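**Q** Letter by letter, the chains look like this.
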Amino acid sequence: MSDQSLESHATDVAPGDEGEGRVRTRILGYVVGLGLAIVLTATSFFIVGTDLVWQPSIPVAIVVLAIAQMGVHLVFFLHITTGPDNTNNVLALAFGVLIVILVIGGSLWIMANLNANMMPMDQIMQMQR
Amino acid sequence: MATAAVAHADPHQLRGLAAAAEHAGPAPKRIVTAYGFWIFLLSDIIMFSCFFAAYAVLSGQTDGGPKGSELFDLRSVTAETGCLLLSSFTCGLASIAADERETTLFQLAMALTCALGLAFLSLELREFATLVARGAGPSRSAFLSSFFTLVGCHGLHVSAGVLWLLTMMAQVTAKGFRADIRRRIVCFALFWHALDIIWVAVFSVVYLLGAGQ
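Residue numbers (the working numbering), protein chains in the order written: chain A, 1 to 129; chain B, 1001 to 1213.
Incorrect hints may appear among the rest.
Selected chain B positions facing chain A (Cβ under 7 Å, derived; list incomplete) [what the hints assert, rightly or not]:
hint	residue
1	Leu1042
2	Phe1052
3	Gly1092
4	Ala1189
5	Val1200
Source of the hints: derived by calculation from the structure; they are not laboratory data. No experiment lies behind these values; they were computed from the predicted model shown. Where is the CB? At the ideal position from N, CA and C, for every residue including glycine.
Just need the whole structure built from these sequences, with the hints factored in.
**A** Written out as structure tokens, the structure is:
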């Protein structure tokens, strides 16, 4: 019991912890998260199969919806918030996101550059002859 | 007896909250454990980002073979997504039940999570088997190699998660909601929710963007 009270008054919050809260509000949090996630997922599956949206905008829309849904998962399921007691978790997450952006963005950038600068395949074949 | 209980609940001899507030000592073990596991999860996500980068670079290299839009069955992907989303929800219910020490509710929610995870895995295995049977196995083209690596790696994580889930159910049955068992439940919940986040990236980047190509 004293274990519990010590935790709820401590200055840090573990990732996934929600601090104090009635069971009902905690369940409500998961319900809201699930609802938002379902709406976002349904939207992205819907816009792929429809002609109602301007076609070139679809990839951007899918990426934006995916990022939004990851945010929903982080907030409602993993309970990563902007509160002062959550700074460590958010900093670790920010570093992870930085590395992810560097790896994916960097790879795409470099490979697209190489691709653009490479001679077309038939010309390479010609030279090897 | 009382001193033993205090020593157990207060491993760093903080002797109550007043002392703890004066000099903030080491954080409780639950926070340290979960934070360490959070770091592991982030490094796992960085590993996935390498697979995503490889897939993004290679997704056009079909070597004259089938493209993603010819292979992917979006209805099956929708069902897989539904399974994982719902399992994340039931996993959240299980962690609430663990905090409230409701054994029956916990086991029920974990069993539901397990069933949904297994449903996801069977759908994914069926998809892989169909692809291989159509001659679109991992050795067909660079695109398919990176596809099977990325999606298969997520599937392996889900399989490991299901095994972990079953051991957690067994541990709660055998040992009850001890402090160390509850720390493991927190870590498991983090793992399961993180897998769901990775799946969001998988279905958006691989299936939805692939279907439009």
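**Q** Indicate, hint by hint, whether the structure satisfies it.
**A** Hint by hint, here is what the structure shows:
The criterion of a C-beta within 7 Å of any C-beta in chain A is met by Leu1042 of chain B, whose closest approach is roughly 4 Å, and the hint holds. With 7 Å as the threshold, the beta carbon of Phe1052 of chain B comes within range of chain A, its nearest partner Cβ sitting at about 6 Å, so the hint holds. With a cut of 7 Å, the hint placing Gly1092 of chain B at the interface with chain A holds, because the nearest CB-to-CB distance is about 4 Å. Because the closest C-beta pair between Ala1189 of chain B and chain A is about 6 Å apart, less than 7 Å, the hint holds.
Interface restraint check for Val1200 of chain B: the shortest CB-CB distance to chain A comes to about 5 Å, inside 7 Å, so the restraint holds.
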